[in-house]
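*Asks:* Residue strings, one per chain:
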Amino acid sequence: MKKIVLQGLLMVALFMGVFWGLSMVDWMGLFKVEKIKKASDEKLGRVFWDIVRETEREEKDSVLVQPVQQMLQHLVRSNGLDSTHFHLHLIRQKEVNAFALPGGHLVVHTGLLKNVKSEAELAGVLAHEMAHVTLDHVMKTLVKEIGVSTLTAITTGGGELAREAVQYLGSAAFSRQLEAAADAQAVAYVTKAKMDPMAMADFLLRMSEDNADLEAYTSWLNTHPAGKERAAEIKALRGTATIQSVPVLSTQAWTKMKAAL
Amino acid sequence: MHPLSTYRPEEHEKEKASNAYLMSLIMFIVGLPLPIVNLIATVVFWLGYRRSSFYVRWHCTQALLLQLSLFFVNSYGFWWTMSILFGDESLSNAYLAYLFTAILFNLSELITTIYTTVETRKGKNIRWWFYAALTDRLCQPRASHNFMTQ
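Sequence order for the protein chains is A and B. The first sequence begins at 1 in my numbering and counts up one residue at a time. The second sequence begins at 1 in my numbering and counts up one residue at a time.
Please note that a few of the clues may not be correct.
As the list claims (entries may be wrong) - Computed footprint of chain B on chain A; a stretch qualifies when at least three of its residues, placed anywhere within it, have a C-beta under 8 Å from a C-beta of chain B:
#, segment
1, 26-35
2, 65-74
3, 135-145
Keep in mind that the hints were calculated from the coordinates and are not lab data. Note that this is a predicted model, so its numbers are computed, not measured. All residues carry an ideal CB built from backbone N, CA and C; glycine is no exception.
Whole structure, please, built from the sequences with the hints as guidance.
*Replies:* Given below as structure tokens:
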């Protein structure tokens, strides 16, 4: 019996040894995993963005685009992120929405700009969408919901499938866990950018109160955390520390943007 | 000396013993994405021949034990893959290293099984390191009868 146990342990040791030895090899670099992933993300992002651009009206007015772009760049720089990884697009649309597409494309509706009351609220929304990009939620959700084969078909010309995928990403696409993770990351981004994440919670709370009926209906049906719950979680993450906010946008730029909406 | 080392199996015994390995081989290929399939097939085969002669039972048990160890290796890899595709895990160096380790062990099992299938069919008693000793402990000739003809 002792011999069998010893041989069994040697078998396990052999397996672990081979595993340990192979772990020493940089497979990710050898197979250029990150490079291939980035290329496919970007290709898919271009396909999706082309569909949004075809169906929606892209807002190019610098009075509107510039402040949002400036805020995005501030968040990116403050957190040491790669600015080339994010592509901001403003859409003339009344609906209060912002969403992330593969390849770092961030789509923001003018309806959202109209409803944010401060630059910190805008920063919170942008940081949340940035977090979906950096935490790879977009591709993970797409793979989970529509599958790798469908995504491959989209990159090679699956028009109708791509439209459905964009529609999906533009609506309540992410799971409760992913939304909570994006919120937590957004709090970190906003704090590091010397702004108060409490504004993010306030915005969510205000939006949920404005849509009280819908909120009550969707809070248990939808996989998304309800606005009130998310706001409470953000407040808990923020804690009670005093944050010395540093203004990012000039009052003039902010007022002009609001007036142009 | 092991009782089977001098035993000359009958033609039908050679075929049944060889089929135990062949079955795991076929099911390994058929059920490749699902690690449980080849284990179930070997268990079914083992149950079917549990009243056969000692020679057949012994080889069915050895085949089953090898499938059982691979089942754990493959299951871990299978659930790791699932958590990457549908969960929060990401593709990592550790995952790829595990995948290649599992492939290496599966390949060595595949080669060993093919060899054992062929040799058992010829009537040779192939004993695998560790698995044979464990099989000896689990599968023993029945005392009340002549162990070869049960």
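*Asks:* To test your reading of the hints: which numbers does this structure violate?
*Replies:* 2
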